[in-house]
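Novice: Here is how the chains run, residue by residue.
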Amino acid sequence: MKILFLCGGIGKRMYPLEEDKFLLKFIGKELILHHMDHLKGLGLKEKDFVFVGNPSNVDKLKELCGEDAEYAVQKTPKGMADAVLTAKDLLRGEEILIVNPNDVFEPSAYEEILKKKEGESAILGYKVCKYFPGGYLTVENEKIKEIVEKPGEGKEPSNLVNIVVHLHRNSDEFIRYLEETESEQDDVYERTMDRMIKDGFDFRVVEYDGFWTAIKYPWHIFNVMEYFLNTIDKQIVNGVKIQESAKIEGNVIIEAGAEIFENVVIKGPAYIGKDCVIGNNSLIRGSHIGDRCVVGYSTEIKHAYIGNDCWFHTNYIGDSIIGNECSFGYGAVTANFRLDEKNISIKVEDELVDTELDKLGCIMANNCKVGVNSSIMPGVRIGSNSIIGAGTVVTKDLEPNKILFFEGEQMLREKRMTVKEKKEERMERIKRGY
Amino acid sequence: MKILFLCGGIGKRMYPLEEDKFLLKFIGKELILHHMDHLKGLGLKEKDFVFVGNPSNVDKLKELCGEDAEYAVQKTPKGMADAVLTAKDLLRGEEILIVNPNDVFEPSAYEEILKKKEGESAILGYKVCKYFPGGYLTVENEKIKEIVEKPGEGKEPSNLVNIVVHLHRNSDEFIRYLEETESEQDDVYERTMDRMIKDGFDFRVVEYDGFWTAIKYPWHIFNVMEYFLNTIDKQIVNGVKIQESAKIEGNVIIEAGAEIFENVVIKGPAYIGKDCVIGNNSLIRGSHIGDRCVVGYSTEIKHAYIGNDCWFHTNYIGDSIIGNECSFGYGAVTANFRLDEKNISIKVEDELVDTELDKLGCIMANNCKVGVNSSIMPGVRIGSNSIIGAGTVVTKDLEPNKILFFEGEQMLREKRMTVKEKKEERMERIKRGY
Amino acid sequence: MKILFLCGGIGKRMYPLEEDKFLLKFIGKELILHHMDHLKGLGLKEKDFVFVGNPSNVDKLKELCGEDAEYAVQKTPKGMADAVLTAKDLLRGEEILIVNPNDVFEPSAYEEILKKKEGESAILGYKVCKYFPGGYLTVENEKIKEIVEKPGEGKEPSNLVNIVVHLHRNSDEFIRYLEETESEQDDVYERTMDRMIKDGFDFRVVEYDGFWTAIKYPWHIFNVMEYFLNTIDKQIVNGVKIQESAKIEGNVIIEAGAEIFENVVIKGPAYIGKDCVIGNNSLIRGSHIGDRCVVGYSTEIKHAYIGNDCWFHTNYIGDSIIGNECSFGYGAVTANFRLDEKNISIKVEDELVDTELDKLGCIMANNCKVGVNSSIMPGVRIGSNSIIGAGTVVTKDLEPNKILFFEGEQMLREKRMTVKEKKEERMERIKRGY
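Protein chains in written order, with my numbering: chain A, 1127 to 1560; chain B, 1127 to 1560; chain C, 1127 to 1560.
Extracted from the complex, chain A is given alone in its bound form (with noise of 0.2 angstroms):
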């Protein structure tokens, strides 16, 4: 059996975020390590993996997978059957369980697809509420009939929406069908399973109501923080200092070489990664915060997913999601709630998309600096290695690389004296007799 992990896509929706999504760490382990480990407690090996990479991630992702797994390398992103098919010389012969790691669900759902028996394929099948535009699966008796992109609300063939954790117990005749399909368009891999299906392939769904959410867009990472945080029980790794005065609360993990300062305040659930400094009087709450951060004085972090080597000082950082290495100045914010109260949409490619949330922060690339006393608008995205100077009200993005200033005219006058000086002077005349 070979998972195969499709790594090779672009996230361009996750501007300006600028990382592979798997590789979003969340609780001390990047995303595609808790999916292999997952896998590992089911009986899989390292050697059982295959990445399909891209140049740009594939010594990444060997550092991290280690060396008994396989690696191939897609030269440019076109679709998940030019992945397969890239990989393919390592799958002869093999049961496969191909799966986009962008996707986080439930260890129960590998469980559950791996114990299937039944059928030459299977799919995932994740129960929704409402309408999602995915593919929906016609299923008679288990069986999958028809996957139906898109089908519009209200016209759904049923609740099951098509999750990328494929598996195909022959995985030559696949790739065989892969290879033959044709289309103008990126949905090669989709219609291959539609003419299988067609042709009387055997698909079984495996149906799932646990947890999932696909990382799309980059508030999204908020559902998957919410998802690892509430996983979590308290853990206080031995060795950490927490000052007396300090108050660890609720589910919290606080690791290794992190000081805790004084009337400090976390309330669980929250994650603490290594090396951090929590100053005086800070609360936080909700949140997950990288290695060998400093949440300097007085600072608030409220359900923030923060990477590593952040400063911050007297801040208050809500709903946002903040890169590695930023810094922020004494009394910068990021307002995280629309005065008028609306809901925070934010412009991706063209689109205008409504997050659907009414509290939003700011989303920063790594970094990035951002001045004393700065503000920065709900929903305002900060591209990578970007100055935001001191007292700026940012409303718009901000692209990479730039620095914004704010440069208003200032007035100088000559100074009258207070009342205090005049009734000094006074007193003084008084003193001296004139």
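Each statement offered as a hint is correct.
Residues from chain A that face chain B, not an exhaustive set, calculated with beta carbons under 7 angstroms: (1) V1459; (2) K1528; (3) K1546.
Think of the hints as simulated: they come from the structure by calculation, not from any bench.
Ideal Cβ placement from N, Cα and C applies to all residues, glycine included.
Chains B and C: place on chain A using the hints.
Specialist: The following block gives chains B and C in isolation, referenced to the frame of chain A:
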């Protein structure tokens, strides 16, 4: 005996505040109800009260003051005489006590005037220490000989000022006089008393030197707040959740359903209304906070009167009056002290009035929103339903239903590498061997 | 023996600070008094001290240093030779120790030079580790052969630099030489010593490798502050009120009359002057705070030197020097780190001087006021009696007696209803039946 409350007037000088002054709540109860309760404590019953309201407030009055009381409606606010005459049919044959419920005084004032046996009428005479621009009572052997309106400093006939707590034993006579008095100005009531005194009616003074204030301008609310706060004892209602590290010091009332978070300090006298949440590290001193307010993380509220349903988040609210349903973004501040240390003056109906306060923050009507990191200058008035954008310095009054925001020129520059980035780039080049 | 303190000079490079450097207070005592006390510890008496002041400071010097000491006044600041000659009548027939009291060094330096028995003159020679632009001592067998002014890096004749702690056993001879030396530059004193050495006078070096700093630029105050803070032990004067939840850690002096409020943390070394109030939640680290300062609610003071009578209110004061009687409004901040991570450079008399510090906040003279939410950029100097308006970003130096404020364009718009208001309006309409 009938108690006649004059509730029909309109307090233009209270702008931007829109509520009737006697409906302001102190210690959980509207001012008018404090008056009623004081009188009930002296044996009066609900049916003994008569209210002259106006079309806008009579429903609210009925709801508050009970069905057994009697109500009259003054169509337009034409002064005290008109108010009394509006209610004349409810007063026939009764002793009457006429009260301006916008005045605040101690229960003893009622007690003293009600137990006064001598004379046909009695007037509460407030002992002043310095000149007050009101009506002064010329008194001989307890009998009032004349009422001198605004005599001017140094020309006062006594130190007793006429407070509208007026007892008339023979209401029919008083009403007849009122009806017969003619004036082209808004002084029919005063002229009536003048005429009666001159005609030999026996008007007595009831001297009073306890607390008294008339709410004329918004900042007089501070006096009333202080008065009520000084009457309270420590009282924390059962079930209020207070974190162990919080500290409640002095005379503080905390109403039911409130929650006090970690490291909060509340220094009495202070009043915290029902279902309030006081967030981590906040400091509240000498303030009065209405129901259902959320005083978020690290907020300082000092000597302020706050309405219901307000939200704060890391703010300083000092010497300010804040209406209902207002919200303040992170870092917003009410500056309360001029940099030139002068008293704060406020323009009221074309007149610049010296508040005689050198500490005065902002006066904000209902349902306003203040953006993050905004600064409101001392004495600024914000009309109801207005919004102040993020990072705005508000130096002037803002009318109701407006949005004020700053639209400055922002500069965008390409970023050059930082020292650290240059160092890293050099290290990278060295590693790569060039 | 006479100790001659040269107090007549004017430190232009200390702009914007206006005090004489030797009058700066450390650990409750002016620098000049520290010098005196060190020498008194070695047996010197008040009458043994001679001060050369200038017309502006001689009164203050007399007041501080006592009536038994002797004083001379240098009319204009004409250099060291002129200073010594100004006091020559007070020095006749005495051994003299000439000291520049703007230098700070350990008491052992005095001890060593005073117990030196050999030679006719002795000079304190400070052992440097790296090039310093001063006078280097060429030494053979403890005898000084030459003093080489600013030889340039790599051309130093030794590692010993001339510090103005100079012992001359025969003051009459020294004065005679001074009077005979001619120069068109400000180097008569140096030339005199040069001539004497060449004429065969026996000048000895007293080597010294303890702490030494000359206060040349304002930021050198940090060195002196650190030196003094490193000499202290924990000492909290009786009667200081410290709330139970406050924490004083390490070597901290708190002087009489101070009050420390709830949840304060003070991390030594630190000095808190008389009658200071340290407000709730504040954090003070490695700082020196003068008398009667109010460090209001939630303020962080880190590695700063603060004068007397300053007021803070929710500020960050980091790596800054703040004069007397300054006040900071809520949310005002001294930024102390450039967003480009460069060292901070400061223009001193047309020369851009690299402070060699990458952390430097602001340098503020006496009696300045900073408005709420203002941001002062790293290394900015604020002249005395100046005011910075609310919400101002100060990027350039501000001269004394100025008011700087921002006058930007503000927009006013009619407010449209919020989602909530629309909902309420709809509910209202439904209730009313239309």
